[in-house]
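Given the sequences, and given the hints that come with them, work out the whole structure.
First to last, the protein sequences are chains R and B. When we follow my numbering, the leftmost residue of the first sequence carries the number 1, and every step to the right adds one. When we follow my numbering, the leftmost residue of the second sequence carries the number 364, and every step to the right adds one.
These are calculated hints, taken from the structure and not from any lab test. The structure displayed is predicted, hence computed values, not measured ones. Glycine included, every Cβ here is placed at the ideal spot set by N, Cα and C. A couple of the hints might just be wrong.
[As the list claims (entries may be wrong)] Label pairs and their computed distance ranges (CB to CB): (1) Ala391(B) <-> Arg363(R): 31 to 39 Å; (2) Ala84(R) <-> Gly437(B): 57 to 65 Å; (3) Leu608(B) <-> Met168(R): 49 to 57 Å.
[Claimed, not checked] Selected chain B positions facing chain R (in silico; Cβ < 10 Å): (4) Ile397; (5) Asp400; (6) Asp401; (7) Ile454; (8) Leu458; (9) Thr568; (10) Arg579; (11) Thr725; (12) Pro733; (13) Asp736; (14) Ala826; (15) Tyr833; (16) Met836; (17) Ala844.
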Amino acid sequence: MRKANPLNLNRLTPAEGRLLDTPPAPLPPVAMMESEMRSLIYAAGFCATASVAMAETPVLTVYAPDYFASEWGPGPAIEQAFEATCACDLQFVTGDVLPRLLLEGERTRADAVIGLNTDVTARARATGLFAPHGQDTSDLTMPIDWTDEVFLPFNWGHTAFIYDTTRMDQPPASFDDLLAAPDDLKIVIQDPRSSISGLALMLWVKAIYGDGAEEAWEQLQPNILTVTKGWSESYGMFTDGEADMVLSYTTSPAYHIIAEGDDTKQAAIFDEGHYFMVELAAQVAGTDQPELAQAFMDFILSEAFQSIIPEGNWSFPAKLEADKLPEGFEQLKLPEKVLFYSEEEAEALRGPALEEWRRALSR
Amino acid sequence: MSKLTGWTSIAVLLLLSFGTLAAVLSRAEGLTAISSDDWRVLRFTLWQASLSAVISVILAIPLARALARRQFRGRGLLITLMGAPFILPVIVAILGLLAIFGRNGLIATITGLPIQIYGLQGILLAHVFFNLPLATRLILQGWLAIPAERFRLAASLGFRPTDIARQIEWPMLRETVPGAFLVIFLICLTSFAVALALGGGPAATTIELAIYQAFRFDFDLGKAAQLAALQFLVCGIAGAVALKLALPQVTSGGLDRAVERWDARNPWLRAQDAAIIALGALFLLTPLTMVILRGAAGAFEMPATVWQAAGRSVFVAIIATTLCMAMALALAFWLNTLNRGRLWVEGISLLAIAASPLVIGTGMFILLFPFVDPTRVVLPITALVNAAMALPFALRALVPAVAQTEAQFGRLADALGMRGFARFRYLYLPRLRRALGFSAGLTAALAMGDLGVIALFSDPTRATLPLEMYRLMESYRLEAAAGAALLLLALSLLAFWIFDKGGRANADA
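What follows is the structure, encoded as structure tokens:
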């Protein structure tokens, strides 16, 4: 077996070390069994008996994407930090945040949501379920101005193609270079219909090439090794050496640098600029815990929350000065120019842009 | 008794398939017309599913025959291991296949040839990799169910292998192959992540991806429901055709003697079987070896929560297996007494495979939400859905076994006045054991690895093992994820082996 291939690409020991500092202890097995039993009891329909004991502390329910609240995401640390100040119980409920909210409508149990993207905020806003966040967003550490009064940014990054310096000396310096690259340079991307990063790539190309986007996709097609459903498949194919470059984020190398001590994964920076991606939170207007929901909004831009983001979500915090970022982030290569569509533009563009994408790549 | 349970099973299956579909439809804001693109997607879906199923079955026949007429050391282990691809999580299987057939895979590295896996060939390769084991097992069941006496008689009549093929094996294949084809066709029909990743681009869009798009990209529940209904329709037509083609075999019984194959003693046939088994094993086991190698490196990086998730997956698997066996036995006995309506019941039992997991999940959410917090019941629901998904496989194995037992011994048992539990215990159980063990093992293994309906509602503190594996991947911990995948593989295989072994105890195979 060759040395570089699949087995020893991801060194995890440093990450494990870091994990030990991350506070939330997983539930002990006994408690786990208990909760399982409970779910069974509920299933059988004997609903009444179970949840009596914990009625004392008020509960703040926050809907979040699965990755956010998993033990390797920022959720557990955020939960601990917030609970230290609020005398409440912060509970993350995971799943597909927006579809779930749309299905639940007014009856939703959510007091707040976190982890929405700009590509869904137009539809989220149209539900009228959300209340203003009430934060001053004039001094955020983001490359664009933010004036939205409902959706509050908590972290950001840019789309970028990641390459391995041991396999590629001279990455493309612009999107034009990438389009003109020889056919044997293979990239792997995500499907815009099933993946947020895939959607961002589609808008990135649209922002650079406008009406020529379809032509650009046609030129790119020979270089596209394949399109995957989600980011994980793509990234796995890249680290296994199957593809030369993978569509990911400018902040992805931070994981390899900090957790693995590996600086061979880098973002190729393109002259035309990179598409800006931001993740957002909002409070639900009909919450029965308005003070707690507001307190959570206030907490999001605090340093306690923001300093969890870099190594919890491997992205840039929305409000944290560069000198407070963990060591390793200063090594990240960042674009000079940032491309971004407002919510309305993105909503109007994504249908036609998807058609162009599909037509060009189906040929 | 079996009638009541049979009806209950049918009700559950209808709820999971059409009930959830209706629930989704009830929340739709109008219907969007199905576009010409959707028809193109449908054509592609049918094309790739048919090809995948045909190839899987054609390759499975010689492999099953070779395995049926040879006895060798490690045969049982080989059969169990060869079943592994079927229960692998999609993402793990894709990376395992690419490690062999990919641009940077073993074959390309050794031969230096540029291998082009992406495209229809990639989809077929992956689908055959997934489904060849299942087809082989289903057909092998058929071979092993042929009474030893018939081979004795054939030998004493001086049958050559071609005579045996025509007189004994062909009628058996007529009975088993359409069913095997059908379930594989249906599995490939709803395949989505594989078709996309190995198909190389949006040209390889299946209906399931279109449903996903309607949900996630457009949030158009009406369109999602329509596409799901279209998927059911296609499944219904395919099911009707396949079940019509399957000729039930009416045969005389045997005395459950060990099978001795005098016809296969010829050295040329011996070499042929050895080559077929070796090729099959090579194709199925090399990507698996890569999965194991990748996972072994990550096995020590796995956090404790992975083990807790594994515990939860075992729990789901046990519940799902119990439910599935109860439904399958009830339906198999009930089906045996039915004349009219038999096709309907069999058809309904197949519905769950053709159902879109996304529609089931969303529909269940809509149905449950007014009454109970859906996250609290996510594990029992997962178990129930898995039981329904595995039911068609269980029925494929159980229905012929029940029919045959009843045909052969029913009158004798009647004459002896064997009824109720005694009849089940002494007449059926010994004869259904192999089919029961196989289907229980398959259900447990499938339930263990299923990500299923929990995309919309999961509970952060109650992840199952496959979900935990995805979470590890999403947070860049690919090596630990590979370790979790190995654990998942080991648990699934162990569950399969335990049940299957239980079913084969004292049997000659």
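Going down the list of hints, with the structure as the test:
no.	hint	in the structure
1	Ala391(B) <-> Arg363(R): 31 to 39 Å	holds, 33 Å
2	Ala84(R) <-> Gly437(B): 57 to 65 Å	holds, 58 Å
3	Leu608(B) <-> Met168(R): 49 to 57 Å	holds, 54 Å
4	Ile397	violated, 16 Å
5	Asp400	holds, 8 Å
6	Asp401	violated, 12 Å
7	Ile454	holds, 6 Å
8	Leu458	holds, 5 Å
9	Thr568	holds, 8 Å
10	Arg579	holds, 6 Å
11	Thr725	holds, 7 Å
12	Pro733	holds, 8 Å
13	Asp736	holds, 7 Å
14	Ala826	holds, 7 Å
15	Tyr833	holds, 7 Å
16	Met836	holds, 4 Å
17	Ala844	holds, 8 Å
Hint violations for this structure: numbers 4 and 6, all remaining hints satisfied.
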